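As a plain string of letters, each chain reads:
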Amino acid sequence: MRTRDLGELAVRNLREAVLRNSLTTLGVAVGVASLVAMLSLGVGLQTLASQRLTRSGLFDAVFVTSQRNFRGPRQPPPDAAPKRDSRPLDDDARQQFSKLSNVTEVYPQIRFITDVRYAGKSESTSVLGLPDSSRSSGAFEGMTGVYFSSPTAEEAILQMEFAKLLTDQPPSLVGKNLTLRYAERVALSKYADDEALLDAMMGSGKPGGISPGSISIVPHEKTLRIVGITESDPSAGIGGFGGARVYLPLKTAEQLHVAQPDDVQAFLSGNPAKPSYMAMTVRVRSPKDVPQVEAAIKQLGFATFSLLDATKSLRLVFTVFDLFLGLFGSLALTVASLGIINTLVMAILERRREIGILKALGATDRDVRSLFFAEAGAMGLFGGFFGVALGWLIGSALTWGTTIYLHRQNLPGVKISYVPWWLALSAIAFAIIVSLIAGLYPASRAARLNPVEALRYE
Amino acid sequence: MPAPMLIQAESVSREYRLGETVIRAVDAVSLRIKQGEFLALLGSSGSGKSTLLSMMAGLDRPTSGAIRVRERNLAELEADELARYRRDTVGMVFQSFNLLPRMTLEENVELPLRLAEVDRTDRQSRVGEALERVGLSARRRHRPSELSGGEQQRGALARALVNRPAILFADEPTGNLDSANGEQILLLLHEIQQSLGMTIIMVTHERPLAERFANRIALLSDGRLVSDGAQR
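One line per chain: the protein sequences are C and X, in this order.
Mapping of the first sequence onto my numbering: position 7 corresponds to residue 7, and the numbering continues sequentially without gaps.
Going from the second sequence to my numbering is simple: count from 1 and add 1000.
Isolated chain C (complex conformation):
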């Protein structure tokens, strides 16, 4: 029999016992719905965790330090590239990192100790420059105030605990000015002709001579407008190590030319003219690009550190989590498949005579088997469609309920359930396959019926 005829006959047969077949199909739908709801929860939570972690900047970043001053928390592996002469982590290195494939952003870690002055109070704390990309990191969600108006804005965001040191009403700080007092790095060549300055710096005793490219560190002040106060500590992801309490736009921080710990070492090693950095953050397109970029940077002679191993563990946890959710969801579908077997076995008993007539008219065993298979498959197909829709509704209800709960806790809503297209298609395919397997026994039993006995059946 042709496939179209088979389909027409199968649908016609299903329509005849509409109540029983609808209930069986509903059983499949509930089974698929439980499977889809469980897995959509797993996928949703995994997606949420991945997005949050990716936005945190911890897993798509390689933290780079110069080998000469700091190797980072992880020692280079034994098979790492042969150690070359240690190179400074300066703007040349920054350019090189930018040109590596899959690198999206490179920025130095500008972090320094400063004296913050506000309304007559003076507090010493750590300042960190934030790249503009940290705007979307998620670390500033729910912040009082706003993010920096531009990458070069003379603005600051305070960490809540630090803001409390300045005033009892931290939100009132937004819009106010504060002053940073910091150590500025000054290249002396810039003032080579300024005798007065040299005198001031050298005192009354004339030195034997100021070598070209020497630097000096002078105190400096900068007034910034407070635009926001954040509860969280975004510096962990952005700079690799937490602890900063005042945040500035990175470009603004760079323009301050704050003396870095590396400057002293550069000065001692005789090459102080070029500013170098303590550490740099290299962002990559996706966490899977981290190993390749990390290896390339090591080849260039720098020490690196990343949290890739942590993401691997995380993926393993979610894979096991999904597996268990899938198993629980499949249980419901297994029960539904028993319903299909029951329905089709009942149909064979009821339609025994019909099978005999079909065989007498020339239907082969294969035709009869295919007809029962088609009916089982159709129940699986319809059940799969309704099940996916029902599963999506359950997932949406879970997300809706969770969002209401989170809003009551003054937290932003999250999407905890997610039905990707592959899950929807796989669930429908799975429902059809399970239904066909369930139809295997009834279909072969129907095909084996002796036509004479079947025709005798009343």
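Derived from the structure by calculation, the hints contain no laboratory data.
Every clue listed holds true.
Which bits of chain X does chain C cover? Going by a derived footprint, with three or more residues having C-beta under 8 Å, they are:
id, stretch
1, 1053 to 1061
2, 1078 to 1084
3, 1096 to 1103
4, 1107 to 1116
Examples of chain C residues toward chain X, derived with CB under 10 Å:
id, residue
5, 2
6, 8
7, 9
8, 13
9, 16
10, 354
11, 357
12, 358
13, 362
14, 366
15, 367
None of the values given here were measured: they were computed from a predicted structure.
Built from N, CA and C at the ideal position, the CB exists for glycine as well.
Use these hints to put chain X onto chain C, whose structure you have.
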């Protein structure tokens, strides 16, 4: 020119086991049927006539012996080959009509064409032709439950004819009908045999009808062929 031989039953037996007991429903029956004959298998209930008909129609297999249709031994055919024989060579009419109750009359008649994978465009004309031959064109959209017994049997006859079979097997076609409708069915069978030259093998226990319409009667008793003679 004599009509060619169509069916040859050679010492055909069919046994059934009921526990330790062996029941021989058909016992060493040999029968030769020519193309275009209208053969009536006559006998009382349990004489084995329906069993013999089932074997010749390819619904059942003999325990021993051979049934040759156009020189092919049905006993040696695979299940699928036997199904194709039933589909392409044979048409069947039953005592209880056996129309599928959930289908309309035209859908019932179309069923053998679906099984034979006939193109949809041809199907409608062939269904119309078969229904017209049995005088049921006006009832094509009715379900079997909306038809009288006689109409149902005529519908079953249309279904048996739609694939243009070489042999028509009728198992007690008048058994569930009153005499008027029974006669109408047999007139139809006779007309079909005459006009299409179709071979018809009919099982019946009504001797007067057999004598009136068949041109040959084979009498069975206790599974054995007790007489086989031409009527006309």
